[in-house]
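Could you build the full structure based on these sequences and the hints that come with them?
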Amino acid sequence: MYVKENWIDPLLRWQPKVQQLIEKLTDKLSNRTTTVKTSRVTQPKEFNLTVPKPRAIPPPTPAPLPVLPKRQPVPPSIYKPPKERKQLEEIKTKNIQKAKDLLLEANIKQFRCATIKLEKREIDNIPIKLNTAAILREGALYQRKLEEELKRVENLQQGAGDPSEFLEWQKQMRGKDLEEQLAEIECRRLQGKLSYEEAVLAHQSVIQENKKKADLLREEKTELMHLYAEKRLQEQKEMKELVEQVMEGHKNVKQVKAKIQEYKQQIVQQVCEESEELLRQALAEKEDKNRKRYELIQQIRALESAPSIRHKFVDLTETGGHGLFGEMSIVELRERLALLKEAQKAAEEEKRDQIIHEKQAKEQLILDKLDQISQFRAELGRAAALKQEEKKKSQPGERPMKDERILNLQKKIIEKTMERKKQAGLLKISPQKTRMVSSKDSFQWNHWKELEESRERQFRILQHGFMDREAAQQRELIAAARSGAKACVLRSDLR
6 MYVKENWIDP LLRWQPKVQQ LIEKLTDKLS NRTTTVKTSR VTQPKEFNLT
56 VPKPRAIPPP TPAPLPVLPK RQPVPPSIYK PPKERKQLEE IKTKNIQKAK
106 DLLLEANIKQ FRCATIKLEK REIDNIPIKL NTAAILREGA LYQRKLEEEL
156 KRVENLQQGA GDPSEFLEWQ KQMRGKDLEE QLAEIECRRL QGKLSYEEAV
206 LAHQSVIQEN KKKADLLREE KTELMHLYAE KRLQEQKEMK ELVEQVMEGH
256 KNVKQVKAKI QEYKQQIVQQ VCEESEELLR QALAEKEDKN RKRYELIQQI
306 RALESAPSIR HKFVDLTETG GHGLFGEMSI VELRERLALL KEAQKAAEEE
356 KRDQIIHEKQ AKEQLILDKL DQISQFRAEL GRAAALKQEE KKKSQPGERP
406 MKDERILNLQ KKIIEKTMER KKQAGLLKIS PQKTRMVSSK DSFQWNHWKE
456 LEESRERQFR ILQHGFMDRE AAQQRELIAA ARSGAKACVL RSDLR
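Throughout, the numbering used here is defined as the position within the sequence shown, counted from one, plus 5.
No lab work stands behind these hints, which were simulated from the structure alone. There's no promise every hint is true.
Claimed, not checked - With a Cα cut of at most 16 Å, we get these calculated EDC-like pairs of lysine to aspartate or glutamate:
1) Lys417 to Glu203
2) Lys417 to Glu202
3) Lys396 to Glu173
4) Lys427 to Glu202
As the list claims (entries may be wrong) - Estimated spans, in silico, between C-beta atoms of each pair:
5) Tyr268 to Lys226: 52 to 62 Å
6) Pro81 to Leu108: 36 to 46 Å
7) Leu284 to Arg18: 19 to 29 Å
8) Glu290 to Asp14: 16 to 26 Å
9) Asn136 to Gly331: 48 to 58 Å
10) Lys297 to Leu344: 51 to 61 Å
11) Lys156 to Leu345: 54 to 64 Å
12) Ile27 to Ile305: 13 to 23 Å
13) Arg193 to Glu394: 35 to 45 Å
Even for Gly, the Cβ is constructed at its ideal location relative to N, Cα and C.
Listed below in structure tokens is the structure:
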């Protein structure tokens with residue numbers, strides 16, 4: 006099999022291609038190529054043409070004047086502008102007006118999506134799917150709470166203090182921290198408004214500086230134009246000199262071409278001689294390989310012609326006689342396999358009974374957990390109702406918030422606005438620009454007014470106890486982000 010797969014089959018597979026290659030090589034050997042003599046290259050010469058004699062111009066023959074058609078008048082549409090241009094101008098003005106309306110609407114409703122509206126929604130009582138994992142998880146939670154409560158009672162019996170006073174003090178401190186945070190947020194809002202007024206003043210001063218810089222840039226531009234003209238003249242002179250050098254180099258091209266032609270002919274002759282030598286070597290190697298393959302095929306055929314034993318008698322009670330440890334006959338092997346199958350079947354039955362017992366124990370555990378969970382839920386419901394009644398009875402009073410930093414910032418903002426209006430009158434801004442600035446100022450004033458009203462409502466809600474600490478912090482952070490982002494947007498518009 007090895008000789009057939011690795012020697013005979015590849016030879017038979019490649020036999021057609023080898024035969025074609027042998028035929029090609031024999032054809033080349035019989036024809037025997039001769040050395041090709043190089044032919045002379047034709048040298049071009051100029052044509053020797055005769056100069057033609059000057060011909061006499063014949064006198065012109067009188068011809069009748071052609072009759073031209075009547076000229077058509079110029080159409081009046083040439084002196085009128087096309088309708089398409091007028092339509093494009095109308096579309097352009099409509100698009101500009103539409104873009105202005107959209108910009109105004111976007112500026113008015115810029116942060117309307119960020120305002121949070123309080124809506125009383127009823128929570129849907131979605132039933133929870135009580136699978137095994139949910140029951141065990143809830144049972145473990147209630148068990149942990151029970152252990153914590155027992156531990157707390159034991160600590161109280163041993164003389165530990167009641168943490169209710171500490172929790173009350175902690176609640177008061179959290180309320181103070183919340184008031185400080187609200188005051189800090191209000192200060193940040195006023196600082197943003199103050200920075201806006203300062204940015205407007207800085208913008209007005211930048212306009213004056215830009216005018217001075219524009220004059221300096223015009224002077225520098227004229228100087229650069231003079232330098233560029235001189236440089237351009239110098240480059241033109243250099244290009245003329247380069248063209249003259251190239252024309253001189255074209256005169257020696259013919260001699261270089263003749264030398265290149267001779268060199269190419271020598272290379273072709275050398276390549277032909279080398280290819281003939283390589284072809285002879287390839288033929289000799291091919292003949293040697295074919296001779297070795299023929300001898301190998303003869304040996305393979307001699308091996309295949311030898312007789313082989315076709316029939317063999319098998320005794321199932323005897324061993325193979327290989328000399329291995331644990332060697333056994335086929336009959337003994339079958340008996341051992343039957344014993345193993347019986348042992349495996351008994352183990353499976355025992356495992357099945359064990360699984361059934363475990364399943365029953367697990368079901369009983371889940372039923373016990375369900376009873377425990379229902380008891381805990383009933384107790385927690387009663388405790389929550391009592392806590393809600395106590396919370397309604399105790400409501401904190403109103404406490405106004407005052408901060409000196411907020412009053413100082415409000416005074417500074419009023420001073421900056423007065424200074425900005427005075428400087429705007431001195432700069433003499435165009436009517437269109439002043440209209441845009443006044444609209445921005447009115448929009449900004451409405452924005453600040455809305456923020457102050459929303460903040461007052463939040464203070465009232467906090468003082469009456471209808472909002473917890475986390476919700477209040479989230480609302481104040483959103484309002485601060487809105488105020489800071491609005492100041493940045495107005496500053497970029499002015500720039």
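Unsatisfied constraints (hint numbers, rising) = Violated: none.
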